[in-house]
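From just these sequences and the hints, can you work out the full model?
Protein chains: 2
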Amino acid sequence: MLGEKLKELREAKGLVQRQVAADLQVDTAYISKMEHNEKPVSRKHLKKLAKLYSVTENELLPIWLADKVLQLVENEKYSIQALEMVLNNVKEK
Amino acid sequence: MLGEKLKELREAKGLVQRQVAADLQVDTAYISKMEHNEKPVSRKHLKKLAKLYSVTENELLPIWLADKVLQLVENEKYSIQALEMVLNNVKEK
DNA sequence: TCTATATTTGTCCTTTTTAGGACAAGACCA
DNA sequence: TGGTCTTGTCCTAAAAAGGACAAATATAGA
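Protein sequence lines, in the order shown, are assigned to chains A and B.
Our numbering numbers the first residue of the first sequence as 4 and each following residue consecutively.
Our numbering numbers the first residue of the second sequence as 4 and each following residue consecutively.
Treat the hints as calculated values from the structure; they're not laboratory data.
Possibly wrong hints are sitting among the right ones.
A pair counts as met if it fits within one copy or between any two copies, since identical chains are not told apart.
[To be verified] Taking lysine-lysine and the PhoX-like style, the derived pairs with C-alpha atoms no more than 20 Å apart in a straight line are: (1) Lys50 <-> Lys96; (2) Lys94 <-> Lys47; (3) Lys16 <-> Lys96; (4) Lys80 <-> Lys94; (5) Lys16 <-> Lys94; (6) Lys51 <-> Lys71; (7) Lys47 <-> Lys80; (8) Lys54 <-> Lys94; (9) Lys80 <-> Lys50; (10) Lys80 <-> Lys96; (11) Lys8 <-> Lys71; (12) Lys96 <-> Lys51; (13) Lys71 <-> Lys10; (14) Lys50 <-> Lys94; (15) Lys71 <-> Lys36; (16) Lys80 <-> Lys51.
Right, here's the structure in full:
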């Protein structure tokens, strides 16, 4: 989810991975992996990416979090029940 | 969530932590911490506990997973949005 | 009250897992 | 070709799991 979004944003900005990599001070392979959900995106990097792509961090954060949750529950038999329980729990608070 | 449930089940069975600890081959402090959500419950342990308490693992698994999700999203600003995204994602599949 | 048993809490340690990232090499265009 | 992107492997460092132990607290019964 997040990876695809990051790729879209980068392309919308007309940037090439090398430029993003330079900004984050990592190599291009790392960016590629982020965009393919093969490496987790740290909050630090997320913030930089938001700035670079001219979106607010708040636009990215829900997707970022959803990604983490998804990874946790995928392949789990009771994911739906679990998610609904958590949703209730979180909503009532 | 899970901790409370485990405690209830244990008491319903009239067991004392020492007995459960013996069954899982850990010490009582460990059981106590599980019941207070201070230590994660491994799947291996969960299975043993289900058997010991005469419930099906399926009764425990959703709670077990919900606990993990909850821990991931609590204190997160966009937990609700994220959970809803994941729920949609998982449901459609 | 005294005491034994049950539980909780804090600290510590070791092992396993995950994050974060580099590098090299291959693939894909154009 | 040259630039872009992808993929695989490797490494180190940080974090989490799993668990022991000791000490402190509750708690129920004699």
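Here is what the structure says about each hint:
Proximity of Lys50 and Lys96 under a CA criterion of 20 Å is satisfied in neither setting, with 28 Å inside one chain copy and 31 Å between copies. Proximity of Lys94 and Lys47 under a CA criterion of 20 Å is satisfied in neither setting, with 28 Å inside one chain copy and 31 Å between copies. With identical chains, the CA atoms of Lys16 and Lys96 are never at most 20 Å apart, being 39 Å at best within one copy and 32 Å at best between copies. In this assembly of identical chains, Lys80 and Lys94 lie within 20 Å of each other by CA distance solely across copies; the values are 12 Å between and 23 Å within a copy.
In this homomeric assembly, Lys16 and Lys94 never come within 20 Å of each other (Cα to Cα): the closest approach is 36 Å inside a single copy and 33 Å across copies. Proximity of Lys51 to Lys71 under the C-alpha cut-off of 20 Å is restricted to the intra-copy arrangement: shortest distance 19 Å within a copy versus 28 Å between copies. In the homo-oligomer, the alpha carbons of Lys47 and Lys80 lie at most 20 Å apart only across protomers (16 Å), although the nearest pairing inside one protomer, at 33 Å, exceeds that limit. When the C-alpha separation of Lys54 and Lys94 is checked against a cutoff of 20 Å, the pair qualifies neither within a copy, at 30 Å, nor between copies, at 33 Å.
Taking identical chains as interchangeable, the C-alpha atoms of Lys80 and Lys50 lie at most 20 Å apart only when they sit on different chains, with a minimum of 15 Å there against 34 Å within one chain. Within a single copy, Lys80 and Lys96 get their C-alpha atoms only as close as 27 Å, which misses the 20 Å cut-off; across copies the closest is 13 Å, which meets it. In this assembly of identical chains, the alpha carbons of Lys8 and Lys71 lie at most 20 Å apart only when taken from the same copy (15 Å versus 26 Å across copies). Proximity of Lys96 to Lys51 under the C-alpha cut-off of 20 Å is found in neither arrangement, the shortest distances being 31 Å within a copy and 32 Å between copies.
In this homomeric assembly, Lys71 and Lys10 come within 20 Å of each other (Cα to Cα) only inside a single copy, at 18 Å, whereas the closest approach across copies is 29 Å. Taking the shortest Cα distances, Lys50 and Lys94 never come within 20 Å of each other, neither inside one copy (27 Å) nor across copies (30 Å). For the identical chains of this complex, Lys71 and Lys36 are intra-copy neighbours only, at 15 Å inside a copy versus 26 Å across copies, given an alpha-carbon limit of 20 Å. In this assembly of identical chains, the alpha carbons of Lys80 and Lys51 lie at most 20 Å apart only when taken from different copies (19 Å versus 36 Å within one copy).
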